[in-house]
Amino acid sequence: MALYSEKVMDHFRNPRNVGIIEDADGVGEVGNPVCGDIMKIYLKINENQVIEDVKFETFGCGSAIASSSMATEMIKGQSVTEALTLTNKAVTEALDGLPPHKLHCSVLAEEAIKTAVKDYYDKNGISYDPAEFPAEHECEHCMEH
Amino acid sequence: MFIYADNAATTAMSQKAIDAMLPYFKEVYGNPSSLYEAGQQAKMAIEDARGRVAAVLGCKPDEIYFTSGGSEADNQAIISAAKLGQKKGKKHIISTSFEHHAVLHTLKKLEKEGFEITLLDVHDNGIVTAKQVDDAIREDTCLVTIMYANNEIGTIQPISEIGAVCKAKEVLFHTDAVQAAGHLAINVEEQNIDMLSLSAHKFHGPKGCGVLYARKGILLTNIIEGGAQEKGKRGGTENVAGIMGMAAALEDAVAHMDENAAKLSVLRDRLIEGLNKISYSELNGDAVKRLPSNVNFCFEGIEGESLLLLLDDKGISASSGSACTSGSLDPSHVLLAIGRPHEVAHGSLRLSIGEDTTEEEVDYIIRAVTEVVTYLRSISPFWRDLVSGKRPHIFTELPG
Chain A
2 MALYSEKVMD
12 HFRNPRNVGI
22 IEDADGVGEV
32 GNPVCGDIMK
42 IYLKINENQV
52 IEDVKFETFG
62 CGSAIASSSM
72 ATEMIKGQSV
82 TEALTLTNKA
92 VTEALDGLPP
102 HKLHCSVLAE
112 EAIKTAVKDY
122 YDKNGISYDP
132 AEFPAEHECE
142 HCMEH
Chain B
70 MFIYADNAAT
80 TAMSQKAIDA
90 MLPYFKEVYG
100 NPSSLYEAGQ
110 QAKMAIEDAR
120 GRVAAVLGCK
130 PDEIYFTSGG
140 SEADNQAIIS
150 AAKLGQKKGK
160 KHIISTSFEH
170 HAVLHTLKKL
180 EKEGFEITLL
190 DVHDNGIVTA
200 KQVDDAIRED
210 TCLVTIMYAN
220 NEIGTIQPIS
230 EIGAVCKAKE
240 VLFHTDAVQA
250 AGHLAINVEE
260 QNIDMLSLSA
270 HKFHGPKGCG
280 VLYARKGILL
290 TNIIEGGAQE
300 KGKRGGTENV
310 AGIMGMAAAL
320 EDAVAHMDEN
330 AAKLSVLRDR
340 LIEGLNKISY
350 SELNGDAVKR
360 LPSNVNFCFE
370 GIEGESLLLL
380 LDDKGISASS
390 GSACTSGSLD
400 PSHVLLAIGR
410 PHEVAHGSLR
420 LSIGEDTTEE
430 EVDYIIRAVT
440 EVVTYLRSIS
450 PFWRDLVSGK
460 RPHIFTELPG
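If you read the sequences in order, they're chains A and B.
In short: position in the first sequence from 1, add 1, done, that's our numbering.
In short: position in the second sequence from 1, add 69, done, that's our numbering.
No lab work stands behind these hints: they were computed from the structure.
We put the CB at the ideal spot given by N, CA and C, even for glycine.
Heads up, a few of these hints could be off.
Derived DSBU-like pairs (lysine-lysine); straight-line CA-CA distance at most 30 Å [claimed, not checked]:
hint: 1; chain 1: A; residue 1: Lys45; chain 2: B; residue 2: Lys459
hint: 2; chain 1: B; residue 1: Lys181; chain 2: A; residue 2: Lys124
hint: 3; chain 1: B; residue 1: Lys178; chain 2: B; residue 2: Lys157
hint: 4; chain 1: B; residue 1: Lys159; chain 2: B; residue 2: Lys178
hint: 5; chain 1: B; residue 1: Lys156; chain 2: B; residue 2: Lys200
hint: 6; chain 1: B; residue 1: Lys302; chain 2: B; residue 2: Lys178
hint: 7; chain 1: B; residue 1: Lys177; chain 2: B; residue 2: Lys358
hint: 8; chain 1: B; residue 1: Lys200; chain 2: B; residue 2: Lys459
hint: 9; chain 1: B; residue 1: Lys156; chain 2: B; residue 2: Lys358
hint: 10; chain 1: B; residue 1: Lys383; chain 2: A; residue 2: Lys8
hint: 11; chain 1: A; residue 1: Lys77; chain 2: B; residue 2: Lys459
hint: 12; chain 1: B; residue 1: Lys459; chain 2: A; residue 2: Lys115
hint: 13; chain 1: A; residue 1: Lys124; chain 2: A; residue 2: Lys77
hint: 14; chain 1: B; residue 1: Lys358; chain 2: B; residue 2: Lys238
hint: 15; chain 1: A; residue 1: Lys124; chain 2: A; residue 2: Lys8
hint: 16; chain 1: B; residue 1: Lys181; chain 2: B; residue 2: Lys200
hint: 17; chain 1: B; residue 1: Lys459; chain 2: A; residue 2: Lys119
hint: 18; chain 1: B; residue 1: Lys383; chain 2: B; residue 2: Lys332
Covered stretches of chain A (in silico footprint by chain B; criterion: 3 or more residues with CB under 8 Å from a CB of chain B, positions within the stretch not fixed) [stated by the list, open to error]:
hint: 19; region: 11 to 19
hint: 20; region: 34 to 41
hint: 21; region: 55 to 63
With these hints in hand, go ahead and build the complete structure from the sequences.
This is how it looks when you write it as structure tokens:
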């Protein structure tokens, strides 16, 4: 059996929505170089609060790149409130599964999107419940250091 | 295109090794412990192999113990020395922070049993000195265990000097020579090595077969209890075919060692020179005192697993010390030991070439790695931050 599913390898080899959006309405970055993965998501959001465009950049392993690609594909065209309901589980399922020690990558993707939406809310003075958003990213590894 | 550049992980078996094994599967299949002819033929074969392995290492046949591989040999050497020390009230062991886990985890176990372990710091070039060993030896030191050549960065340790220090201070000296055997000159007598581990599959022999050399008079502690095999120090029916393949592979490797080393080091240096042209990257470990087959680089701004997967797509088999490939949260302990920060240790690549590697393959590897590193950097927010100055570079743009 291969390390990853065909779906993961496809999104890793041909990632969708790679790049940056210069005048993004919301930007979210999670992870850090010490842990070996950083995801950055850029959102272009229209007046109806619909995600018109999304781009990402990822420093990380195959599943981190694939998770970012899949997550951006899933939220493109959605309203920001819909995007906020995206779970890491949904990303993992869409990828036909991830090895257990790689589930962390799908969590990063979920958190990167939420962080980008939060940035959009902050920039536009839209109120929200902070509890719905990830705190400063904390992984067990970083806690050790 | 298929380029196998992971010979430090394992090697393809040589035809000589395969041919040496074949008679012992279906023809001479007797149990060496059986008294009838078929058994005694097998017994004679492994005793012949024992003599040939001993001749290569410069010791006596009865100082050679066949094991299941390098890890078992490391375990047995260290535990035996510890038990001998304990009897004399000596419970201090010296090693280095970048040993193989077969050594480090065994030491960890002994630490829990009350032994004191000193792990010597490794210099930035991936080498420890005999002086460090000399300074660390105490009245209660029972063992010094230091690898001959590092499995990740290929750096060669001053084994003869360390052996001389240990001899002068009357401390047992074990070396994990798994990466060195068949590739570097070994003479346990001249180098004052008391115990040595090696593994057949690192020099074109079979997997599941190794050797523990232990100087006469060193009482071994069993790791595997059982029958009277290996003078009662390693129970279990001997892996006859494996032992025959190992002896043939070792003799063959040693017979061609100098020519192989000459050829490989030229290719290795070509590879290093080519990869040095990638900006913000650095060779890990000393450029000269390293295995002729080993190249190990860190690249800023990228992660090793994605590098390996894309190289695999291009037909290149290699390895990395990133956390994602080590199966733990931390990157390679070897790279951390030589002072690489976590963020670049995640972006490491080990290429270990073999005797069959060609110049064209080396050039293909250089092109492929350059391409993949450039691509991964183009999608990396970490690299963007390095370029924009938001985060500081760790390496210089090009080697000075």
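Hints numbered earlier in the text: which of these fail when held up against the supplied structure? 2, 8, 9 and 15
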